[in-house]
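Protein chains in written order, with our numbering: chain A, 89 to 970; chain B, 367 to 483.
Please note that a few of the clues may not be correct.
Distance condition first, Cα-Cα at most 35 Å in a straight line; then the derived DSBU-like pairs of lysine-lysine [as the list claims (entries may be wrong)]:
1. LYS448(B) / LYS143(A)
2. LYS143(A) / LYS458(B)
3. LYS143(A) / LYS432(B)
Here are the in silico distance ranges between beta carbons for each label pair [to be verified]:
4. PRO480(B) / LYS171(A): 51 to 59 Å
5. GLU437(B) / ALA883(A): 38 to 46 Å
6. ALA531(A) / ALA408(B): 57 to 65 Å
7. PHE892(A) / ASP412(B): 50 to 58 Å
8. ASN443(B) / LYS171(A): 29 to 37 Å
9. ASP412(B) / VAL139(A): 22 to 30 Å
10. GLN451(B) / LYS171(A): 32 to 40 Å
11. ILE474(B) / LYS171(A): 39 to 47 Å
12. ALA408(B) / LYS171(A): 32 to 40 Å
13. ARG112(A) / ALA408(B): 14 to 22 Å
14. GLN431(B) / ARG112(A): 25 to 33 Å
15. LYS171(A) / GLN431(B): 30 to 38 Å
16. GLN393(B) / ARG112(A): 20 to 28 Å
17. THR471(B) / ALA883(A): 34 to 42 Å
Bear in mind the hints are in silico, worked out from the structure with no lab data behind them. Note that the coordinates shown come from a computational prediction; the quantities given were computed from them, not determined experimentally. Each residue gets a CB set at the ideal place from its N, CA and C atoms; glycine is no exception.
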Amino acid sequence: MKSRFWRRNRRNEELEDEINSHLRMAARDRLERGEALRPVEIDVRREIGNVELIKEVTRSMWGTRSLEQLSQDLRYGARMMLKRPGFTIVAVIALALGIGANSAIFSVVNSILLRPLPYSQPDRLMTLWTSLKRPGYEKISVSEPEYVDFKQRSKSFEEIASYHQRGLNLTGVDEPERLQGAEVSPNLFATLGVNPLFGRNFLSGEEQPGHGQVVILSHRLWQQRFGSDRSLVGKSITLDGKPFEVVGVMPPGFEFPTRETDIWTPFEVTSEFLSENYRGSHFQQIVGRLKEGVTLQQARAEMDAIADQMAKQSPTIYRLGYGIVISPMRDEIIGDIRPTLLVLFAAVGFVLLIACANVANLLLSRAAARQKEVSVRAALGASRVRLMRQFLTESVLLSLIGGLFGLLLAYWGVGVLMSLAPSNIPRTDEIRLDLGAVAFTIALSLATGIFFGLAPAIHVSKPDLNDALKSGVRGSSDSAGKHRFRNSLVVAEFAMTVVLLVGAGLMIKSFIKLQEVNPGFSTNNIVSLRLVLPQSRYSTFDKQTGFFKEVNAKLASLPGVQSVGEISALPLSGFTNDRSFRIEGRPEIPGQPNPDEEIRFAGPNYFATMGIPLVRGRLFTERDNADAPRVAIIDEAAKMRYWPNEEAIGKRIIYNGMQSTVNWIEIVGIVGNVKHNGPDAKEDPEIYLPYSQPLFMSSNSNVSALFIVVRTALDPSKTIPAIRSEITLLDKDQPISNIKTMRDLLDESVAQRRFSMLLLSIFAAVAVVLASVGIYGIMSYSVTQRTNEIGIRRALGASTGDVFMMIVTQGMKLSAIGVALGVVGAIGLTRLMSTLLFNVQATDPTIFILIASLLVVVALAACVLPARRAIKLDPMKALRYE
Amino acid sequence: MAKREKYQNKIEILQGTLDLLILQTLQWGPQHGYGISQHIRANSGDVLSVDTGSLYPALHRLERQKWISSEWKMSENNQRVKVYQLTSTGKKQLANERSRWEQFTDAIAGILDPAKS
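Excised from the complex, chain B in its bound form:
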């Protein structure tokens, strides 16, 4: 019980949006898994947390779809890390996902706040 309360102020990432977040993060340059999760957390003001159990399956799935590619590199701390980067099809996919997401948020916003639209 107590354990769960600690995370109560964080929002679990909606199913399907994790792909978008990963692709978007990788747009800024190659990054390893831990870096991606930290980036998402930091850039959402510590609101969004990526479950490790979802992150790696998602990375491997995206790689299989050839939207991202990976290679082993040495990190700044001299550790061997697996680094992911966006491919050209991945960039197209990111654009698609973004426009879909915008449609989605617009639609939600329209419902929540009808006066604005």
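Same shape as in the complex, but just chain A:
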């Protein structure tokens, strides 16, 4: 192998010598004829022509093996690229943008959608849900008795595990912390197929009351709070004021059910939970592992039959029937991010196609200039296949270089994506530019090179031999077919750009609409935080309310604080709590569910602090305490649903499970609607109750945990340290969680939309740049091609204005066709992204008109420059120009 290359090198040197000696001899002969030295050199060169080309063609006569031919083609291609640095740089930039964007988005798609979940045989993992066969309850959590039924009756599953999230206060360490945790059935980790890094798994039986004081920690918590101390296993830590023995630590990257989960404890299954009273209490999440060889359909069929039995056995609870919903865990985790990612992937695909069209156009213009070279090669016996191969090698070389830069771009881009990505996108920390993405990039580069190189290669390799040989480098004018092909490339670029721009425009308009939405509360100068009082320390209702009243008084006296309020479930926080109730004077209808709405426990100053307007009646006061009659405030949505045509104030409702001493709750006020689940969610009926009035039997849950909202005169984030220290002064073991300004909360709730809007806009901007470069390139080329014609027209009396119009019209025709096609395409394609839009039709006419006119203006600008060049041509020179 090596010796062959040496031999080739020597042959190259000899060829060089041979040609040089030829040149010298030719020059000597001319000198002897008495010609001057300098013109001789020029004449000899001119007579002999392109020396490099001669060498090149001569070399091709040596006969080569394909590998050598490839390296020869590569070297030749590299030389051609270096000769035209401007062309090369433009092409490489276009390709790097196109390929890089694709690699970056592919990394994201690959990590989130394609790569298997980090559990053993994840395809067999399913989630199971209860369906109560009525609207809003078609896919809800499962109750403990239902879970037991699933486990005992089904045969399709190897294991079925349950879990639910639960926050815990970690104390007895330097700084108390509110931790995200999960209460799980002991078989959860076995079901997922993940074992603790060290220590042991939960044991069967640890769900029994009195046996469950054990805990498994996340790797993060173990590292950050316990200094990676392996001897921690077997020791005890304090959670919610109670001792728990650490039995294990999970491996890094284990995030179940959420990324923030740091603590797992066995769920203590008391006989109360197993009783039929609890059949309607749906709070468990279920994950099951299908047995080897059992299909999803088989499992569904079996669970349908089991659900029918259960419905027959408990007809009072399952009044409208019962169903079990099974869906693959992967779908649950990926959730609604899939359409967003697919739209983004389609968008970068378009960007790449536009880049390809651009480079193909560049290559075609350049190929015309190389027609002479091609003709010589063809005349000397290079076959058509050989010529195509040469050209394809060059374009693939080009695209591989573009791909290399694209990869760098993607590496950087993935980092940027990660920093921009909202935290509610699943699996984000699994995203990286891995081997799969690199392989994808290489394959994409090769395919791209062949794709955009093929058309020029085909065109170039069938030259009209005689014509090209006779004429000079320039004179051969393109055939009509070649013109048409190039024009259609520009048309396609414009069409695709329109689609991208319309997509981005729709997203931007959605986002603006979203920003304009009034969430029903004020977001300025409000900071919120959450206090969860441990049962061990605040055991009674009075102790709990007493603490919150103290906190309120302390915070309200801080400088710069205007008012302080309390609420059990803050808007945008994701916390919910719904209960069914009955309205006085309206009998229960058999077969019809009772009304069921969210309830929120609020302090007297909550509405004023949050800027929620009072519509009618009154707000809560300090006098609405445990001894006073029970009162409630509803929002306008609740009034419209339950008392649409009558006065709601003064009406009374009653909840199931209220304390016996409590009777009817009277509605005393109506407040404005609040978009609790984000600006893009609908306004649901809400019922507010004063946190200072105990209501329910089973617990004093209304005040064990509350959000505190603080309205400040100035920047609310500046008061956070003061708020923290006040609360720590009151109780040094009390953790503070969820500290955030309302503005941040609102921003987070729309972060995913902002993210996809931003990306789509970037892609659209790249597309516009590429498309305008494309039309500029073809118009400049056209002016060069038509120089002669322009000279004739001018000589025949055409004014500069006529020439200007001629060029501009030609360009505008192309872009107009492209824009028109793009509009049609966009109407078809943007429908697919309608789930990503908010308050905007996928065929929003203003967007379409705006985008179309924007592109026409861009095209006009890109045509004016070449047209100006055309009118500046000296008619006489233009005539002689060839």
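Following the hints, complete the assembly by docking chain B onto the known chain A.
Just chain B, lined up with the frame of chain A:
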């Protein structure tokens, strides 16, 4: 334009005939590329000109077909030059090419001037 006019009185060598001309030239003895082109030009009364871009590819092709061989020598001007010479198979090939060429010219002549044949 002007440049091209200078060569208008010269005839470009027909494709395929260059091989014959090279082999024929080398029959008179070893010669380097430049010498071959000058010889063809001189012996055709300055009518035939060999394009350098065709000459060297042709020489290398003929060498590969083993009809000619080459070696480096010093020229009369003390220059290192690559000199080609006819091989024995090259001589046979020359004979073949010649007879084919004669057939060809006879045929053309017959068409152009039917009375003579």
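Outcome of the hint check:
1. Between LYS448(B) and LYS143(A), the direct Cα distance comes to roughly 15 Å. Compliance with the 35 Å bound is thereby established for this hinted pair.
2. Between the alpha carbons of LYS143(A) and LYS458(B) the distance comes to roughly 29 Å, so the proposed pair stays at or under 35 Å and holds.
3. With a C-alpha separation of about 20 Å, the suggested pairing of LYS143(A) with LYS432(B) holds against the 35 Å cut-off.
4. The hinted range of 51 to 59 Å is satisfied by PRO480(B) and LYS171(A), whose Cβ atoms lie roughly 55 Å apart.
5. Here the CB-CB span from GLU437(B) to ALA883(A) is close to 60 Å, at odds with the stated 38 to 46 Å.
6. Under the hint 57 to 65 Å, the C-beta atoms of ALA531(A) and ALA408(B), about 59 Å apart, fit the expected range.
7. The hint said 50 to 58 Å for the Cβ distance between PHE892(A) and ASP412(B), and at roughly 51 Å that hint holds.
8. Roughly 34 Å separates the CB atoms of ASN443(B) and LYS171(A), a value that falls within the hinted 29 to 37 Å.
9. Range check, ASP412(B) to VAL139(A): about 24 Å between beta-carbon atoms, so the 22 to 30 Å window is met.
10. For the hinted restraint 32 to 40 Å between GLN451(B) and LYS171(A), the CB-CB distance of approximately 37 Å keeps it satisfied.
11. Against the hinted window of 39 to 47 Å, the Cβ-Cβ separation of ILE474(B) and LYS171(A) comes to about 44 Å, which satisfies the hint.
12. Between ALA408(B) and LYS171(A) the beta carbons are some 37 Å apart, a value that agrees with the proposed interval 32 to 40 Å.
13. For ARG112(A) paired with ALA408(B), a C-beta distance near 19 Å keeps the hint of 14 to 22 Å intact.
14. A hinted range of 25 to 33 Å holds for the C-beta pair GLN431(B) and ARG112(A), which are about 28 Å apart.
15. Separated by about 33 Å at the C-beta atoms, LYS171(A) and GLN431(B) satisfy the suggested range of 30 to 38 Å.
16. Between GLN393(B) and ARG112(A) the CB atoms are about 26 Å apart, so this pair conforms to the stated range of 20 to 28 Å.
17. Between THR471(B) and ALA883(A) the CB atoms are about 48 Å apart, so this pair departs from the stated range of 34 to 42 Å.
In the structure shown, a violation is registered for the earlier hints numbered 5, 17, in ascending order.
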